[in-house]
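S.K.: Listed below are the residues making up each chain.
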Amino acid sequence: MITVSPIMLSIAGSVAALFVVFGLGVMVSRQMLASLRFFMGQSIALTLSALVLADALHTVNLLWVALITFVTKVIAVPLVLRWAAGEEVYGRREVDQALGIPASVLVAAVFALVGWFAVAPVLPTLHGVPFAVINLPTGLIMVLWGAFTVALRRESVAQMMGLLIMENGAFFGSIAIVHNLTVIAEIAAAVDVPIVALVIGLLIRSIRRVTGSTRVGTLDKLHEH
Amino acid sequence: MNTEWLPALILLVPLCGALLALANRRSAPYFSVLAAFITLLLAISAAWQVEAHGPLSGSDGLFYLDALGALYLLPVSFVYFTSSLYAIGYLWARQQEQAKDAAEPRYRQYFPLMNVFALVILAVPLVANLALMWIAIELTTVFSAFLVAYEDRAEALEAAWKYVALTSMGAMIALLGVLMLYYGTHAAGQAPTWDGLLKAAPHMSAPLLLLAFVLWLIGFGAKTGLVPMHTWLPDAHSQAPASVCAVLSGVETSAALYMLLRIYPALAVNPGIHDPAAWYMTAGLITVGSAAFMLIQVHDFKRMFAYSTIEHMGIILTACGIGAAVHEQGTVYQLFAHGFTKSFCFFAAGLAGIIFGTQEIAKVRGLISRAPAVGWALILGTLAIAGAPPFALFLSEFEILDTGYSNGQYLPTGLLTAFIVIAFIALAYQATRIAFGTPDTAQNEPSPAIKIPRSSLAAMAIAFIPVLVFGFYLPPPLTHLVHEAAQLLEVQG
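Chains A and B are the protein sequences, given in the same order.
Using my numbering, the first residue of the first sequence is number 1, and each one after it goes up by one.
Using my numbering, the first residue of the second sequence is number 226, and each one after it goes up by one.
Read the hints as simulated data drawn from the structure, not as lab findings.
Ideal Cβ positions, reconstructed from N, Cα and C, are used throughout, including at glycine.
Heads up, some of the hints might be wrong.
Covered stretches of chain A, going by a simulated chain B footprint (3 or more residues, C-beta under 8 Å) [said to hold, decoys possible]:
no.: 1; region: 152 to 163
no.: 2; region: 204 to 211
Computed from the model, here is a short list of chain B residues facing chain A with C-beta under 8 Å [stated by the list, open to error]:
no.: 3; residue: Glu-363
no.: 4; residue: Glu-383
no.: 5; residue: Ser-393
no.: 6; residue: Ser-430
Full structure from sequences and hints, please.
M.R.: Structural data, given as structure tokens:
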């Protein structure tokens, strides 16, 4: 049975709160650049969470997770986006979305409840996993919010942010329970994010070249007549 | 005989094919066909070894191939080979059809991507670790996005974007499920592999296992094309080149379904999870039923085959639920036969599209009188995929329904029968309109400049062999492999 000090639990809880706030920022921010900055902030919160857990649980593997997260999401992804859709992201352009911000926040609150109730029966069964009660519900809520962001936004770069916060959510939830991914899986996971970002970035470039914009909300030619 | 190197070699050959194709544009198609052919031979050899000596493992536990994996590996490698051969002439003819003065097809973009795409699909049944399987499945989307968008039109990019957004969203949802199972197996002192999961499952917390499964069902369900996460599938198939559709529909969607099938025994042996078969039957029947009705009102023949893929994914999922604890031979045979049959259908559809310059069913009539080989291929492919005798899918669907009725599963089996019949009628009706209708000479006259490419016809002829032969003869080693694979899904007692 692993015991951790209340201070570490409160630090982990504070980092989780930051993680949620940044996630909400990605979902509702009106400008693309702000959305990207919120995503970077959230990735830093994920890095911090991995460092806190690495220290509290004496797990070296989580230090690797922290390093991989920081390098891929805080450094590599913004660079890829600058290259793929620099004008769109850094031009302080407003992002279209299907719902207004108050309605989006309301839906996000409902998803938070759904996420919590989905994880609640699991938590009592996770004996000896002190941070699961903080990280697992937060992670699942972020996965749901990310999916909602993809559905909500009409802009390819903003939808990509949704996908990336989903991945942040999955990792935020899992670092509390999984500290032992094999080395090959960790390397593969580290390579995976930049590849995904690069390919999606290339696709965004193609969309902009062919349609003159990265707004995917206007791409609606394909359906049954 | 030392066979440890086989799984690694199966992945190494497509990688070499990709690198050679990238290095030499002119020879790119030939390097790819050669790599695909060697991969097919290696896959047959690996399946043979599994059938004769049991599961293969290698590279210090990095790879593991059992009967179900081997049975899935065969259609993947076969479709990779036929699709590579088909693409050589098809891409050329498609380029000529769209713009007469166009340059050569972009082989240097297409073939390296196709080789890497095949590599990651092949990795799904070969790697042992659950996290690596997830990475392989996610990368199938990444490497095929530009194959879907190959024609570089707004519609193709729209289809590729929808495909990437929806299936990546699914992958992220499944990721949390994968990592939960990672925890579950580790907590029970087991390795995060199929075998470890099965051993750990009885001791795992039921809420954890159930939540992980629900995340898999939604996440991998999006990639499989389960309704309502199916919307990317008809769009991607209507825009992607037919050679890509053959791989996407024939074997890529089944990669995620393979994951959903393999988790079933773990759910069934956990004492806290009651009747997991009901989840499979419900999700499967919703998918089959929706696809059957969508097939009635479809207007594009490539979309028609895409809806048929959705239907088959639903049939396999329902079959897994129906056959639970009894008999899963129909389920695994359906998974096996669908790959061969669907790729053949897309090969025929692709050539029909080139002949008429359109995919709209209403504008295509009298295909048999214009191009008999393609017309008959379309008719036979449609009958085969609809489950008519004497083709392979008839046997598997008959087996599934027989299992359901003989075990008293009257309601789900009755519904499945009704949906299969509706889909059969819809498919047969659409295919007969295309093949036998009176040719409209006023519009859509085929261009005399466009000839049906010989490599594509050859690939189609090769693809037809298993579709026909496996309907009435399955070699004894393959029969044994099907039996062994079915046992991996059956939960005794």
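S.K.: All hints are to be evaluated individually against the structure, with a verdict given for each.
M.R.: Outcome of the hint check:
Taking a C-beta to C-beta cut-off of 8 Å, the region 152 to 163 of chain A contributes 4 residues in contact with chain B, enough for the three needed, and the coverage statement holds. Residues of the region 204 to 211 of chain A lying with their CB closer than 8 Å to a CB of chain B number 4, which satisfies the three-residue condition for coverage. At a threshold of 8 Å, the smallest CB-CB gap from Glu-363 of chain B to chain A is about 7 Å, leaving the interface hint in force. Proximity of Glu-383 of chain B to chain A holds as hinted, the smallest CB-CB distance being about 4 Å (cut-off 8 Å).
Hint on Ser-393 of chain B holds. Least Cβ distance to chain A is approximately 5 Å, under the 8 Å limit. Interface restraint check for Ser-430 of chain B: the shortest CB-CB distance to chain A comes to about 3 Å, inside 8 Å, so the restraint holds.
Every hint, counting from the list given before, is met by this structure.
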